[in-house]
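Just so you know, the protein sequences line up as chains U and L, in that order.
Under numbering that gives the first Met the number 0, the first residue of the first sequence carries the number 0, and numbering increases by one thereafter.
Under numbering that gives the first Met the number 0, the first residue of the second sequence carries the number 0, and numbering increases by one thereafter.
The reader is advised that the hints may include incorrect statements.
Stated by the list, open to error - Using 25 angstroms as the maximum straight-line C-alpha spacing, the simulated SDA-like pairs for lysine to any residue come out as follows:
id, chain 1, residue 1, chain 2, residue 2
1, U, K16, L, G230
2, U, K39, L, R296
3, U, K37, L, I263
4, U, K48, L, N312
5, U, K48, L, P291
6, U, K16, L, P338
7, U, K37, L, I294
8, L, K49, L, N312
9, U, K37, L, M225
10, L, K46, L, L273
11, L, K49, L, S115
12, U, K48, L, K49
13, U, K37, L, G229
14, U, K48, L, G230
Stated by the list, open to error - Just a few of them, taken from the derived set where beta-carbon distance is under 10 angstroms, the chain U residues facing chain L:
id, residue
15, K48
16, Y51
17, L56
18, R57
If you're looking for bench data, these hints aren't it; they were derived computationally from the structure.
Just so it is clear, CB atoms sit at the ideal spot from N, CA and C, and this is done for glycine as well.
Take a look at the letters that make up each chain.
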Amino acid sequence: MPFSARPVERFARATAKCGPEAALYGKCIVADYNHVHKDKCLTQFLRLKDCYLVRWLRWHLSEVSDEIDMAQSALRK
Amino acid sequence: MKSVPRISALSLTASRHTISTRAGHSIFCRYYAVQAPGAPTLEIFNKHAKYLQKERAASNAEASRRVDYLRDEVATRLCERLLFINRSLPHVLDLGANACHISRILTLSNLDPDPSLPPAPPLCNRIEKLTAADASPTMLYRDASLPYNNDLNIHREVLNDPEHLPWEPNTFDAVLSSLSLHWINDLPSVLAQVESILKPDGPFLAAMLGGDSLYELRTSLQLAEMERRGGVSPRVSPLADVRDVGGLLQRARFKLLTVDVDDIIVDYPDSFALMTDLQAMGESNAVLGREPGPIPRDVLLAAEPIYRELHGNEDGTLPATFRLIYMIGWKEGPGQKGPLERGSGQTNMKDILEGNDKK
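The following block holds chain U by itself, in its conformation from the complex (with noise of 0.2 angstroms):
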């Protein structure tokens, strides 16, 4: 994925390879939507959530990681 994506681009795309966790949660709330209050589907969310943040970080330290090896092999020349 290029870094330059706009922003929305990439977190759409981290959040879909998330569909596991997002289908636990969005069943959970589906389950009972007349009472949904704040924090009501809290455990489900936080997994979807480090799932989200774990592949956002692994794309961002990938691009980092590659801007390093560029600059390195560029001062090698």
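Take the given structure of chain U and dock chain L to it, following the hints.
Relative to chain U, chain L alone:
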């Protein structure tokens, strides 16, 4: 004398009589509550925010053209209704033209591909001059250099205020409007102005978003915000209902009303694609009471699985409903056919509907 604070629509007028009490203080003895003249105008949408959103959207012409699918489709359906009005229209107004989608559709031939009919010539043959008006100049002039502009006499006009129409009464033979009336704060006033600028016996044809448009997005954002933050904030505009539109047209003194509803359901890969498309159309949230700044990421992250679970299609796409309300109203004119007088009917409907079966 102290000035009396004005309270929104009610202005309090204090009489000038004051009574001196024994202690020497003067107090007001009487208050009259007086209703301010005219109906109070309700401000729902931030006009300046809408202007900025449209300017921003149109400044990237390529991205803006990519999301023309909805406006082109609605403009086509609106122009199909114009096919039934079989007369020449010397001067037509496109109110809230966006990027002049109606003008482009008017130059296309054979709009209604019905094999039983001969191919129809483009509608613009019947139109001598078309005035396209919008508040956002960048959006209005986005397609000014495209070839279809040579096919009809189009005149673009930038409106300072989309709710005050600058034209003289009895100017236009027809007024069209596609997908822009849903951002008008004072719809009764704008419709009355449209009625005024029409020539007698002139039609007004419009399509606006209404009713349950984007209810999937609205409900999933509400549920996500309830669960994440414990409250909701307006993310999707309040919209007019079909029942309201009939009343509004009647109030603006239009005759021979026709109002109908059409749902366009678009499937998106995810809710972010829907929101980016809405932004690229310049249709982002512009409700006055909205929360400033973007939607928090936690809410976005939570809304996506709720949308998918609650409304998602089996193939993994997410549907978004756009409910279009089409309205046609005619300005009163001499020789116009009106409804017959009550009680003047000679035929019993029951005989026709049940008719031959009874015998």
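Against the structure, the hints come out as follows:
1. Restraint check for K16 of chain U and G230 of chain L: not satisfied, since their Cα atoms lie roughly 28 angstroms apart, outside the 25 angstroms limit.
2. Of the supplied pair hints, the one linking K39 of chain U and R296 of chain L holds, its CA atoms being roughly 18 angstroms apart against a limit of 25 angstroms.
3. Between K37 of chain U and I263 of chain L, the direct Cα distance comes to roughly 34 angstroms. Violation of the 25 angstroms bound is thereby established for this hinted pair.
4. Restraint check for K48 of chain U and N312 of chain L: satisfied, since their Cα atoms lie roughly 24 angstroms apart, inside the 25 angstroms limit.
5. Between K48 of chain U and P291 of chain L the CA atoms are separated by roughly 24 angstroms; this keeps the pair inside 25 angstroms, and the hint holds.
6. At roughly 61 angstroms between alpha-carbon atoms, K16 of chain U and P338 of chain L are farther apart than 25 angstroms, so this suggested pair is violated.
7. Under the criterion of a C-alpha separation no larger than 25 angstroms, the hint pairing K37 of chain U with I294 of chain L is consistent with the structure, at around 17 angstroms.
8. For the hint linking K49 of chain L to N312 of chain L, the alpha-carbon distance of about 32 angstroms lies beyond 25 angstroms, and the restraint is violated.
9. At roughly 6 angstroms between alpha-carbon atoms, K37 of chain U and M225 of chain L fall within 25 angstroms of each other, so this suggested pair holds.
10. Taking the CA atoms of K46 of chain L and L273 of chain L, the gap is near 23 angstroms; set against the 25 angstroms cutoff, the hint holds.
11. Between K49 of chain L and S115 of chain L the alpha-carbon distance is near 44 angstroms, which puts this suggested pair outside the 25 angstroms criterion.
12. With a C-alpha separation of about 33 angstroms, the suggested pairing of K48 of chain U with K49 of chain L is violated against the 25 angstroms cut-off.
13. Of the supplied pair hints, the one linking K37 of chain U and G229 of chain L holds, its CA atoms being roughly 4 angstroms apart against a limit of 25 angstroms.
14. In summary, the hint linking K48 of chain U to G230 of chain L is supported, as the alpha carbons are separated by about 20 angstroms, within the 25 angstroms threshold.
15. With 10 angstroms as the threshold, the beta carbon of K48 of chain U comes within range of chain L, its nearest partner Cβ sitting at about 6 angstroms, so the hint holds.
16. For Y51 of chain U, the shortest C-beta to C-beta distance to chain L is roughly 6 angstroms, which falls under 10 angstroms, so the interface hint holds.
17. With a cut of 10 angstroms, the hint placing L56 of chain U at the interface with chain L is violated, because the nearest CB-to-CB distance is about 14 angstroms.
18. The interface hint given for R57 of chain U is violated, since its Cβ lies 17 angstroms from the closest Cβ of chain L, which is over the 10 angstroms cut-off.
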